[in-house]
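Student: Protein sequence lines correspond, in order, to chains L and F.
Okay, so the first sequence: first residue is 1 according to the UniProt record's numbering, each after it adds one.
Okay, so the second sequence: first residue is 1 according to the UniProt record's numbering, each after it adds one.
Bear in mind the hints are in silico, worked out from the structure with no lab data behind them.
Because the structure is a prediction, the values reported are computed rather than measured.
Ideal Cβ placement from N, Cα and C applies to all residues, glycine included.
Be careful, since some hints might not be right.
[What the hints assert, rightly or not] What follows is a list of derived Cβ distance ranges for each label pair:
1) F:Leu285 to L:Glu164: 37 to 47 angstroms
2) F:Glu224 to L:Leu160: 36 to 46 angstroms
3) L:His248 to F:Phe164: 54 to 64 angstroms
[Stated by the list, open to error] Chain L regions said to be covered by chain F (calculated; three or more residues, Cβ under 8 angstroms):
4) 85-91
5) 112-120
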Amino acid sequence: MTAAETADTAAISATSLLRFATAGSVDDGKSTLVGRLLHDSKSVLSDQLAAVELASRNRGQAAPDLALLTDGLRAEREQGITIDVAYRYFATPRRRFILADTPGHVQYTRNMVTGASTAELAIILVDARNGVVEQTRRHAAVAALLRVPQVVLAVNKMDLVGYEEPVFARIAAEFGRYATSLGVRDVTAIPISALAGDNVVTPSATMDWYGGPTVLEHLETVPVAHDPSAEPARFPVQYVIRPQSPEHPDFRGYAGQLASGVLRVGDRVTVQPSGLTSTVTAIDALGQSVDLAWAPQSVTVSLADDLDISRGDLLAPADATAPTSQDVTATVCHLHDRPLLPGARVLVKHTTRTVKAIVREIPSRLTLDDLSPHPEPGRLAANDIGRVVLRTAEPLALDDYAVSRTTGSFLLLDPADGATLTAGMAGEAFADAAAGPGTDAGPGAADDGWDF
Amino acid sequence: MTAAVPVTDETGGPFALSHLDVLESEAVHIFREVAGEFERPVILFSGGKDSIVMLHLALKAFAPAPPPFSLLHVDTGHNFPEVLAYRDRVVARHGLRLTVALVQDLIDSGELRERPDGTRNPLQTVPLLRAIEGNRFDAVFGGGRRDEEKARAKERVFSLRDEFGGWDPRRQRPELWQLYNGRHAPGEHVRVFPLSNWTELDVWQYIAREKIEIPEIYFAHRREVFRRDGMWLAPGDWGGPGEHEPVVARRVRYRTVGDMSCTGAVESEAETVEQIIVEIAASRLTERGATRADDKLSEAAMEDRKREGYF
């Protein structure tokens, strides 16, 4: 297929969207993999390639360095590092992709947490010569903690280990065991050479012992979303639409984006946290009146009764409401350079609601490399993962993060300067400790060695 | 209105959404978040395709009420007349309020000086910041997309600007899930980019799907142009062409719409949105590489402009 034909097909058909993240240590060849994916899927255009060729020549490199395709800012080029999450966009005739490209330095855990928070799939890179190292375990733990549904282990630099199957098999098995222990059920291991192009977009000519998909084939075919009808409906109200115009004197619609589940006309709903109930009388899906809507659609909902509902309220099925409480226990990743201390007064930003809170306790900090717990750490510094106990000024309708990545997540903000301090996930940290609805207990489920 | 678009994805299931549906819902969510959390939001509206899509999304997000935002256009004085006419038509049709900040005003008052190359694109930053300050706008919607340029690839959806409008890439707030932090101090404002995750192709596919009217200069037409730095520029009051730049007639269209002095036309036969989509999908040049002289200046041209408060 020529580039023009590929493009035509992509142009005409509506496709699905996959958000994924990449993580790897500094020298695992992550930028080369991303550059290779963009280049070999013909997503790099000639002026971008010309810029990379020029920059490579200026640096005295003979061949264009595909890693430079993903370099963003001047500071990064000067220091040869990535300081922030960069988003990349590419498409094939089968799917559109949004890639959160996250740096691999130890001090940038927060960046991987950020990239993983919206990802439906994470690619973790290892160097075939080194196998599973501390950083790999760290990346796997972040993917598990953020509940990224799919994990791909890309064993890179296979060319440097003679393309030997036993090397790949050993690394894949070791990673598989670790991932299972974290509660990650869906791991796909792929042997690649990003530099030579083996199994990134085109199947390797030198690894005929591998019969699985290439990285791109896997990205194109992996199921994108889980079934929203298996989840309870969650509709955080963003804004109340009241035109008060001659044409619409009495219209009152609740605008929001379904965070999970399916909402139908006729559904009996509870307004949380007030507890008032009503019935859905109409759903407007951006100009189209519909009988049902599902996550992540943005819609406007009308109810049978005139209730006091405003931004920050949650509409949930009357028979499947979210737990409401002022006492929150969560796993957090601290993001800010100022440490988080017990007793700190913060704001909790949860869906469309922001409330005051106090950090009552920081019972433990977790070392991600080996998952060892450190009780009573006294504080959480930037990039620390830990447990916190909060007391909020008003009740929050907060699901476990295992139940919903949207209604189970929150941020802590500094009330003084508004800075984003901490990312929080309600409930237990890993999937084995609190399996959500629809998840089946894997082989490692009983193995709860991380009671930190 | 919107027809549900069938998704050609065998893994989709009954609750599949197309990529355009997902991007549309995300952008609407962003508009509604701003409406819920800010006092005086404004949409930057140039009459270019990205700002047209932004306005379309804002209209859908709050229907049947009008969007709770006004519009702001920074007019370089070198804009395409067809685009200004389109801008005024749209403003009138939807009964919106438009503020126009003129680069010319600041040149007349001596606060800004014309550049030797005649381009006024970098001169937009001062009138933009002046308008934001003067009108006390606290949230400013821009049509910037992360696929446009490598400095934009690191931009947040909610991007905090200091009292000088500056962007510091190393001090950006982490942005997780769909939680956008819009808190800011008095004097600071937040730039908001609802189309962050859209590509050029997505914008055109959406224009086609929603049947949105766009200015006619996006379609192939015969125009007097001259060649400069490998681009076809249109003669105008801004000063082109130079002495050794012969004017010729070509069949062209515009891929982006900006200041006439630095926005190039591409040779094209595309007369419909569908033909434009096929042409863009087959193009081997990025939108900015094909049409923006100002980004050819250096590897970090956009990064530098953004630091100073540019869009």
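Student: Look at each hint and say if it fits the structure.
Tutor: Verification of the hints:
Judged by the Cβ atoms, the range 37 to 47 angstroms given for F:Leu285 and L:Glu164 holds: they are separated by roughly 42 angstroms. At about 58 angstroms, the CB distance of F:Glu224 to L:Leu160 disagrees with the hint of 36 to 46 angstroms. Judged by the Cβ atoms, the range 54 to 64 angstroms given for L:His248 and F:Phe164 is violated: they are separated by roughly 42 angstroms. Counting residues of the stretch 85-91 of chain L whose beta-carbon sits less than 8 angstroms from any beta-carbon of chain F gives 6, enough to reach three: the coverage restraint holds.
Beta-carbon proximity to chain F at under 8 angstroms applies to 4 residues in the stretch 112-120 of chain L; the threshold of 3 is reached and the given coverage holds.
In this structure, the earlier hints numbered 2, 3 are contradicted, and the remaining ones agree with it.
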